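Protein chains: 2
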Amino acid sequence: MARERIAIIGAGPSGMAALRAFESAERAGAEIPEVIAFEKQDDWGGQWNFDWRSGIDQYGEPVHSSMYRNLWSNGPKEALEFAEYTFDEHFGRPISSYPPREVLWDYIDGRVRTTNVKDKVRFSTAVRWVEHHEDRDIFTVTVEDLKNHQTTSSEFDRVIVATGHFSFPHVPEFQGIETFPGTLHHAHDFRGAEKLADQRVLLIGASYSAEDIGVQAFKMGARSVTMSYRSGPMGYDWPEGMEELPLLERFEGATVSFSNGETREFDAVILCTGYLHKYPFLPSDLALQSGNTIYPAGLYRGVVWQGSPKVYYLGAQDQWFTFNMFDAQAWYVRDLIMGRAELPTAAERTEHLQDWHQRFQGVGGDADAVRFQAEYIRDLIGATDYPMFDLVEVVRIFLAWKDDKKKNILTYRDKPYRSVMTGSLAAEHHTTWLQELDDSLERYLSTPEETDVEKAVRGVDTPDAPAPGNVRGEETPTA
Amino acid sequence: MARERIAIIGAGPSGMAALRAFESAERAGAEIPEVIAFEKQDDWGGQWNFDWRSGIDQYGEPVHSSMYRNLWSNGPKEALEFAEYTFDEHFGRPISSYPPREVLWDYIDGRVRTTNVKDKVRFSTAVRWVEHHEDRDIFTVTVEDLKNHQTTSSEFDRVIVATGHFSFPHVPEFQGIETFPGTLHHAHDFRGAEKLADQRVLLIGASYSAEDIGVQAFKMGARSVTMSYRSGPMGYDWPEGMEELPLLERFEGATVSFSNGETREFDAVILCTGYLHKYPFLPSDLALQSGNTIYPAGLYRGVVWQGSPKVYYLGAQDQWFTFNMFDAQAWYVRDLIMGRAELPTAAERTEHLQDWHQRFQGVGGDADAVRFQAEYIRDLIGATDYPMFDLVEVVRIFLAWKDDKKKNILTYRDKPYRSVMTGSLAAEHHTTWLQELDDSLERYLSTPEETDVEKAVRGVDTPDAPAPGNVRGEETPTA
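Residue numbers (my numbering), protein chains in the order written: chain A, 9 to 487; chain B, 9 to 487.
Everything labelled a hint here was simulated from the structure, so no lab data went into it.
Predicted model only: the values in this text are computed from it and were never measured.
Yeah, the Cβ is synthetic: ideal placement off N, Cα and C, and Gly gets one too.
Be aware that one or more of the hints could be misleading.
[Unchecked claim] Pairs of lysine to aspartate or glutamate residues, derived as EDC-like cross-links and limited to a Cα-Cα distance of at most 16 Å, are as follows:
id	chain 1	residue 1	chain 2	residue 2
1	B	Lys126	B	Asp114
2	B	Lys155	A	Glu181
3	A	Lys155	B	Glu181
4	A	Lys128	A	Asp51
5	A	Lys128	A	Asp114
6	A	Lys126	A	Asp143
[To be verified] Simulated restraints, written as ranges between beta carbons of each label pair:
id	chain 1	residue 1	chain 2	residue 2	range
7	B	Thr123	A	Leu351	51 to 59 Å
8	A	Pro395	B	Thr263	44 to 52 Å
9	A	Thr160	B	Arg348	48 to 56 Å
10	A	Ser265	B	Asp446	17 to 25 Å
Start from the sequences, fold in the hints, and give me the full structure.
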């Protein structure tokens, strides 16, 4: 029998996990199927592959990454660590718990950069259309080589969709927004907070984008940061200059009216209104239609498409766990494909889906949701040879992280956590997040002498009232 | 014989011209094929259908329009007027020669809004993939209804590609650009110049985008406007505060170095670096690959795809003439499809293409290029029942327009031209372009009393040295 051909669409963290899963089996002596990954960017890493462009990329494709220059992890790295490739192994020494983007990219790249898996990726290649031939149960995948504009089609036995769901912004209408004269875009197109210095900033939304861009804008010296919520406020103990208001009702030029009757003028508006599940290369009977939820309908064990069980999704959930969950999913999907794990019948899968959906209905808050996702991962890992890790302890880390944020949204990233993989405690970083203005890998891994400027700054910095955005010598309202 | 089915992809000015061409034949009593247009936006008008969003639209699709709120026509309307639906007919009275965007949208909408052609358009519908079945010489067109996420496929006998080529930005790399901390995007994502007030603005490019956004930024009170050219400067007599520099070499944060050794600091950078021909829904053997040129290779008479003569392109040329050229193309394509015009053999088409390419090689400058495009249009109209118009006079209008710009880039839009369709002279507008800050249709068509503010402003305004961006009471460097 000829080897099966597997198409992986996307080589971000999920697609890389799939590549690694197959490579891991091959390294252990197994014969693996022919695997080809298609990645529209020039390099892998997905979200973690920063693009200075916004909107449309150098090939005319929608820009994939929603990350900005100054982004640091907003959760402790101990909650996302690979169970089979630790931070200690990669960096050779403990690093802090909240690394900047480039450091995390280096980590996920490092796991696979010395293997042969990069040869399996067609970079700068966009998948244009997938057709399912039901008679033979195979797929024609049509792709475009973006560098030479050539389209080609070939047949695959299975398709793994790993394109993520934080790339296509959800950009709703607000009354009068077309009259707003200032900076206006979605968080997806946010590339750095430096330009928000001295600006009156409105962030529409009350989730991670608003929280993170909000404190980043504050850090970089925004004159004011207003966050507008629909269902409820985030409720952190915001520093002076940051506030939450209920949903905005309308724009009239630069003036925004809120549902509590207040009005404000703004210089910049960023829509932190979430993302769409979007798979423009899939016919609708193969395309997941879902909001951002931790257990999307139609995916057996969160990965097998009920409508066609040779189609798999990785990372389609809303995520507490990230990299290690993608691993658990990728290892399980690999084992299904290689016949190491048995796919239940459609009826059994439906029953399983209903069971887990019922459990999901019982989830009543963030702590519950973290535990639910931990149990989901435990179930997947149990079916594979991926190393089991202490999920109960990782849940505890997530809950402590949430506590840290409640205590101080500006300093939570300075706290170290202990790895459940190695037992080693994270390093304290040489510079606090609030004072660090150089987010590069080089600076992060350096052990700089404290400069006079930093000493001076630290002198006015206390854990409860950090100095707002004045590191570059800008005026501060309070100091 | 069953009626042929024709798919039109895109309902902007070119697609609307195709719809009008068929409707015009039907009105005259002919039986026309079944025509269906697919338009991803919620309304027609293409570029002229303003979207406040940038980058990605409400359905997760790339935003089509590259226009900004304050955009006015940058060429006289007398050079783009439909020969069979005049401005006088639409507005009932003479209007000025350079109307704002909304006024031009109203004009192209007005020609067809009272007909049945809107019923032939599937709005909010993106074409995902076109497959050519060579055995039967028919096309399967797969589309997605963006509102309900359903994909459907159906067969067509012919495909008219009318998606334009000023929608996918060309976003090249510049050394260090990822370190630029200010506003940074392509002209495609520019939505209004108000936010450039008091900013030091760099526009990379030396064509229409740079010219137009440059004077718009000046009008709205930019502190300085620098335009960077690759081949040569535009060379207008720029007002104080605007300058042209040769190509930039690199960014270091906010500082930009130019090839002549100069450096400048900027607050905002807009890439006016042009657009890509991009047809992500077409296999490469049907997709035009071209730069922006007035006679693209591979299109017989600028419209028939040599590789498959049941595929047509409208508006694929670089354009001096616009709306009336799209009409000439649409009428000719209609006549080919309806058998009113005969398609020469492939060999004859190749010979014709080579002839015109040879003529095109002889084009030596803008005046020549305008004349070349006029002759191209004359050739098309000669083959159809579209009303011939005085192309020599329109060439003269184009040349006068270029002269006007050379004389004063800030006042050329105030000059009236005479319609070759009706013989009537355009109105002088109630407010000069430089003083007009309300670009709405309502304001444009009104006959406002001059306000005190306007009088005061006009008092410091002379044709040669207009007051920079101080209409809103902002400080000016010179006044």
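Here is what the structure says about each hint:
1. B:Lys126 to B:Asp114: Satisfied, since the Cα-Cα distance of roughly 15 Å is no more than 16 Å.
2. B:Lys155 to A:Glu181: 15 Å, holds
3. A:Lys155 to B:Glu181: 15 Å, holds
4. A:Lys128 to A:Asp51: 13 Å, holds
5. A:Lys128 to A:Asp114: Given pair lysine 128 of chain A, aspartate 114 of chain A is violated - Cα atoms ~19 Å apart, limit 16 Å.
6. A:Lys126 to A:Asp143: Violated - the C-alpha atoms of aspartate 143 of chain A and lysine 126 of chain A are around 33 Å apart, more than 16 Å.
7. B:Thr123 to A:Leu351: 51 to 59 Å: Holds: the Cβ-Cβ distance is about 55 Å, inside 51 to 59 Å.
8. A:Pro395 to B:Thr263: 44 to 52 Å: 49 Å, holds
9. A:Thr160 to B:Arg348: 48 to 56 Å: Cβ of threonine 160 of chain A to Cβ of arginine 348 of chain B: about 38 Å, so the range 48 to 56 Å is violated.
10. A:Ser265 to B:Asp446: 17 to 25 Å: Holds - the Cβ-Cβ distance for serine 265 of chain A and aspartate 446 of chain B, about 22 Å, lies within 17 to 25 Å.
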